[in-house]
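Just so you know, the sequences run in chain order A and B. Mapping of the first sequence onto numbering that gives the first Met the number 0: residues 0 to 301, in sequence order. Mapping of the second sequence onto numbering that gives the first Met the number 0: residues 0 to 177, in sequence order.
It should be emphasised that the hints constitute simulated quantities derived from the structure, not laboratory data. One thing to keep in mind: the hints can contain errors.
[As the list claims (entries may be wrong)] In silico DSSO-like links for lysine-lysine, alpha-carbon gap of 30 Å or less: (1) 204/A - 121/B; (2) 109/B - 202/A; (3) 263/A - 204/A; (4) 263/A - 202/A; (5) 121/B - 62/A; (6) 109/B - 182/A; (7) 215/A - 157/B; (8) 208/A - 121/B; (9) 157/B - 208/A; (10) 229/A - 157/B; (11) 62/A - 157/B.
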Amino acid sequence: MKAMNRRKFLKGSLLGGAAASVISKSKNADASASFGGYPDAMGVLVDLTRCVGCRSCEAACNKEQGLPAPAQSFDDLSVLDHERRTSEGAYTVVNQYEIPGQDHPLFRKIQCNHCNEPACLTSCFVNAYTKTPEGAVIYDPTVCVGCRTCMVACPFYIPAYSYSSVLNPVIKKCIFCYDTRLKFGRPPACVESCPREALTFGKRKDLIKIGNQRIKSHPDLYEDHIYGEKEVGGTSWMYLSSAPFDQVGFDTDLGTQPILSYVKEFLTVVPMVLTIWPALFAGFHLLATRKDKQKKEEKSEI
Amino acid sequence: MEHIQKYLYGAVLVSLLCFSPLQNFAVAGDGPDEVEIDSLAQLYEPVYFDHAMHEEVTDSNCAVCHHHTLGTQIEDENCIRCHAESSATDEIACQECHASNRFEADYLNKIDADNTLYHRDKVGLKAAYHIRCMNCHEEMGVANGCQDCHSRTDAGDKFFHSGSYTPPESDKPAGGGH
Chain A
0 MKAMNRRKFL
10 KGSLLGGAAA
20 SVISKSKNAD
30 ASASFGGYPD
40 AMGVLVDLTR
50 CVGCRSCEAA
60 CNKEQGLPAP
70 AQSFDDLSVL
80 DHERRTSEGA
90 YTVVNQYEIP
100 GQDHPLFRKI
110 QCNHCNEPAC
120 LTSCFVNAYT
130 KTPEGAVIYD
140 PTVCVGCRTC
150 MVACPFYIPA
160 YSYSSVLNPV
170 IKKCIFCYDT
180 RLKFGRPPAC
190 VESCPREALT
200 FGKRKDLIKI
210 GNQRIKSHPD
220 LYEDHIYGEK
230 EVGGTSWMYL
240 SSAPFDQVGF
250 DTDLGTQPIL
260 SYVKEFLTVV
270 PMVLTIWPAL
280 FAGFHLLATR
290 KDKQKKEEKS
300 EI
Chain B
0 MEHIQKYLYG
10 AVLVSLLCFS
20 PLQNFAVAGD
30 GPDEVEIDSL
40 AQLYEPVYFD
50 HAMHEEVTDS
60 NCAVCHHHTL
70 GTQIEDENCI
80 RCHAESSATD
90 EIACQECHAS
100 NRFEADYLNK
110 IDADNTLYHR
120 DKVGLKAAYH
130 IRCMNCHEEM
140 GVANGCQDCH
150 SRTDAGDKFF
160 HSGSYTPPES
170 DKPAGGGH
C-alpha cells in the first residue's frame with residue numbers, strides 16, 4: 000500500500016508539473032505575438048549621413064539634464080580620437096568612424112535607444128523602469144538599489160553607474176528628456192540643438208516611413224536598412240547609415256527578438272520552482288523517512 | 000531687423016512684377032544684398048549672409064539654393080516629376096517654407112493630419128540653412144567650421160563649456176568610467 004501511495008504521489012506531481020508547463024507555454028505563445036511598441040510612441044531617426052560630429056547634442060544634453068561640467072569643452076573635437084561610451088556624466092556621446100573607401104568619417108551619436116520591449120526593464124527586480132506610452136524608457140532612481148543587472152541586460156551597453164557616489168550609487172541613463180520635454184510633446188534637447196537635423200523627431204511609425212523614403216530616394220547613398228526598426232523587437236531611436244552598420248559600431252547580430260523572449264521561458268519556471276519544489280521534495284523526504292520512523296517506533300515499543 | 004528683411008523680399012516681389020512682364024522668373028541681382036539670419040541668436044551672434052556674393056559664386060543660378068521657387072529650370076529628376084512646369088512662387092525666403100518649429104507638436108500634428116502632403120520630410124529652417132550652406136562649402140573647399148560663420152555669444156561659450164568657461168586641465172581621461 001505504501002509503495003502504491005508513493006507511486007500515485009509521484010505520478011500526480013509529474014502530471015501537475017507537465018500541466019503547469021503546458022499552460023505556461025500557451026501563455027508564452029500569446030505574449031510572443033509581439034507587443035510591437037505603443038501605437039503613438041515617439042522616436043528619433045538618426046541619419047549618419049547628416050552628422051558632422053559638432054557635439055552640440057552632447058552640450059545640450061549636459062545642460063538639460065543638469066550634468067556635471069565635462070572634463071573637456073564640448074567644442075573640443077580631440078575627444079573623437081578614441082571611442083567613448085555613455086557614462087554617469089554623459090548620457091549621450093558622439094563617436095567617429097573611419098570608413099574604408101570613403102573620404103569622410105561617419106559620426107554616430109549613441110544614447111539609450113528606448114526599446115519597445117526593454118531588457119533593462121525586464122531584468123530590474125525592483126521594477127524601477129517604465130516604458131511610457133510616449134516611447135521613453137524612464138526609471139525611478141529612488142527605487143534603484145544599484146544592483147547593475149540592467150547594465151548587463153542592455154544589448155547596447157547604455158545604462159551607466161554613478162560610481163562616484165559613495166553612499167547611494169544608482170543607474171544613470173538617457174530618459175528621452177521625458178520629465179522636462181517629451182511628456183509635454185516637445186522634442187528632446189539634443190534634437191533641438193542639432194544644426195543639420197541629423198536627428199529627426201516624430202512618431203516612431205512615421206519615422207520608419209521617412210527612413211524608407213530617404214532610402215528609396217537615394218539608394219546609392221544609404222544602406223537599405225533602418226537599424227532599430229526590428230532589432231531586439233524595435234527601438235524608439237533608429238538609425239540610417241551610408242556605410243554597412245557593422246563598420247559604424249553597430250552590433251548587427253542582435254536579431255529581431257526582444258531580449259525578454261530569450262529569458263521568458265526560464266522566468267516562467269521560476270515561480271513554479273519556488274512553489275511546487277518545496278512541497279514536492281518535502282513530500283519525498285517524508286515518504287523516504289517514514290520507514291525509519293516506523294522502525295524506530297517499533298523498536299521503542301519493544 | 001526682421002521688418003527690413005521683409006521689406007527686402009517685398010522689394011524683390013515688386014521688382015518681379017515691374018520689370019519682368021515677359022518672364023516669370025527672377026534673375027540674379029533682384030535678391031537682397033545681405034540677409035540677417037538670427038534664428039540661433041541665443042548661442043551665436045546673427046549671421047550676415049552676403050547674398051550678392053553668393054549670387055556671383057553660383058553663376059546666378061538661383062536654383063542652387065532656392066529649388067524651383069524662382070521659376071528657374073531645375074535639374075533634379077525627382078523634382079522635375081512635379082515641378083517641370085512650376086512658375087515662380089510667392090514664397091521665396093527659406094523661412095517661408097522651412098519651419099522654425101519643425102519638431103513642435105503643432106507642426107507634427109499638422110503634417111500628420113494632411114494625407115495628401117508629399118514633402119513630409121521637409122527639413123526645418125535651421126537644418127535647411129546648415130545642410131545647404133555646409134554641403135556647398137565642403138564641395139567648394141571653403142571654411143566650414145561652426146565659428147567660421149557664427150561668432151559665439153557668452154551664453155554660447157557657457158553652453159559649450161568653452162572660452163572663459165573651459166574646464167580646468169585634469170589628468171582624468173575624458174568621459175570617465177562607464
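To see whether the hints hold, each was checked on the structure:
1. As the CA atoms of residue 204/A and residue 121/B are separated by approximately 17 Å, the hinted pair is consistent with the 30 Å bound.
2. Our distance criterion of 30 Å between C-alpha atoms is met by residue 109/B and residue 202/A, whose separation comes to about 13 Å.
3. Between residue 263/A and residue 204/A the alpha-carbon distance is near 27 Å, which keeps this suggested pair within the 30 Å criterion.
4. The straight-line distance between the Cα atoms of residue 263/A and residue 202/A is roughly 29 Å, inside the 30 Å bound, and the hint therefore holds.
5. Only pairs whose Cα atoms come within 30 Å are accepted, and residue 121/B paired with residue 62/A is accepted, the gap being roughly 28 Å.
6. Only pairs whose Cα atoms come within 30 Å are accepted, and residue 109/B paired with residue 182/A is accepted, the gap being roughly 19 Å.
7. This hinted pair does not check out: residue 215/A and residue 157/B have alpha carbons roughly 41 Å apart, beyond 30 Å.
8. Between residue 208/A and residue 121/B the alpha-carbon distance is near 13 Å, which keeps this suggested pair within the 30 Å criterion.
9. Distance hint between residue 157/B and residue 208/A is unfulfilled; the C-alpha atoms sit about 38 Å from each other, more than 30 Å.
10. Note on residue 229/A and residue 157/B: the hinted pairing is violated, with a Cα-Cα distance of about 39 Å set against a maximum of 30 Å.
11. Distance hint between residue 62/A and residue 157/B is fulfilled; the C-alpha atoms sit about 10 Å from each other, no more than 30 Å.
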